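Colleague: Now for the letters of each chain:
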Amino acid sequence: MPSPLRLCVRRTPAGDEVGTLVTLRLPSEVACIEEAVELVTRHCLAGHDTTRKTRFRLQVVLSEALSNAIVRGNREDHGKWVHVRAELGPDAIRLVVTDEGPGFDPRAVPEPIRPEQLDEANGRGLYLIRKLVDAVQFNEQGNSICMILRRP
Amino acid sequence: MGFTQTKDASGVAVVQVEGQLIVGNRQELKALVQAAIDAGERRILIDFSRTGYIDSSGLGALVSISKKIREAGGELRLSGLNEDLRSLFELTKLDTLFAIAETPQQALSSF
Numbered sequence: 001m002p003s004p005l006r007l008c009v010r011r012t013p014a015g016d017e018v019g020t021l022v023t024l025r026l027p028s029e030v031a032c033i034e035e036a037v038e039l040v041t042r043h044c045l046a047g048h049d050t051t052r053k054t055r056f057r058l059q060v061v062l063s064e065a066l067s068n069a070i071v072r073g074n075r076e077d078h079g080k081w082v083h084v085r086a087e088l089g090p091d092a093i094r095l096v097v098t099d100e101g102p103g104f105d106p107r108a109v110p111e112p113i114r115p116e117q118l119d120e121a122n123g124r125g126l127y128l129i130r131k132l133v134d135a136v137q138f139n140e141q142g143n144s145i146c147m148i149l150r151r152p
Numbered sequence: 153m154g155f156t157q158t159k160d161a162s163g164v165a166v167v168q169v170e171g172q173l174i175v176g177n178r179q180e181l182k183a184l185v186q187a188a189i190d191a192g193e194r195r196i197l198i199d200f201s202r203t204g205y206i207d208s209s210g211l212g213a214l215v216s217i218s219k220k221i222r223e224a225g226g227e228l229r230l231s232g233l234n235e236d237l238r239s240l241f242e243l244t245k246l247d248t249l250f251a252i253a254e255t256p257q258q259a260l261s262s263f
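Protein chains in written order, with this note's numbering: chain A, 1 to 152; chain B, 153 to 263.
To be clear, the hints were calculated from the coordinates, so they are not data collected in a lab.
Small disclaimer: the values here were computed from a predicted structure and weren't measured.
Hints are supplied without guarantee of correctness; some may be wrong.
Here chain A is said to cover these stretches of chain B; the calculated rule only asks that three of the stretch's residues, wherever they fall, bring their Cβ under 8 Å from a Cβ of chain A [claimed, not checked]:
id, region
1, 170-183
2, 208-219
3, 238-251
Here a beta-carbon is modelled for each residue, glycine too, at the ideal position from N, C-alpha and C.
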């Protein structure tokens, strides 16, 4: 069966701050997450000296953001898509994951590390992303997360 | 990506996580451990020596599994977490919730 993922890789003109632009569209199916993570990670790291830690962080935050977009954003509605945009510069990777849901207020998400919350099964995703990347931003609607990782 | 379950000579149920433990397969792990509990297993080790990465859903599944085993009067150990995987448990303070051993052998001898 052909992959339902749609990947596009474009090199921007010399002198442009963004060296390569990778875009990926995937359906709202959790079964697609692992393949999407591998594809985007491979392109993010291609041609750069990298560390095991950077690869691991990329994999975890991508998996996390895609999971949030598919499950919480699009509510696994197969009529909706998730869009990934990776801007690959010499010093940093800028990852934007956008869903087609109504959005949420990231400020309303509590920190999950209080002792009384340790036994909870949910609520660690956004916290982990914040801990593993150098900067996180949301759009106003709250359906698009931008994660910036500086290259080592 | 998948899970295999074996039984150690000392009678501990050992579950190996191969590949990722993420939102797409966490239910499979929960079902496997539940089946082990239903079959009477009370000492369970989950080993991550062959694991790539874990997301927050995977961590959440481990929290649920830990509760189920506790409620059944059993014990859970985790082992084989490399530096990266261990950092996820430390960042989320889950290293305080689980009994974590360096190697499967150390985990087995701690039951």
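Colleague: Each hint needs a verdict: does it hold in this structure or not?
Modeller: Consistency of the hints with the structure:
no.	hint	in the structure
1	170-183	holds (count 5)
2	208-219	holds (count 8)
3	238-251	holds (count 7)
Going down the numbered hints, you'll see the structure goes against none, and every one checks out.
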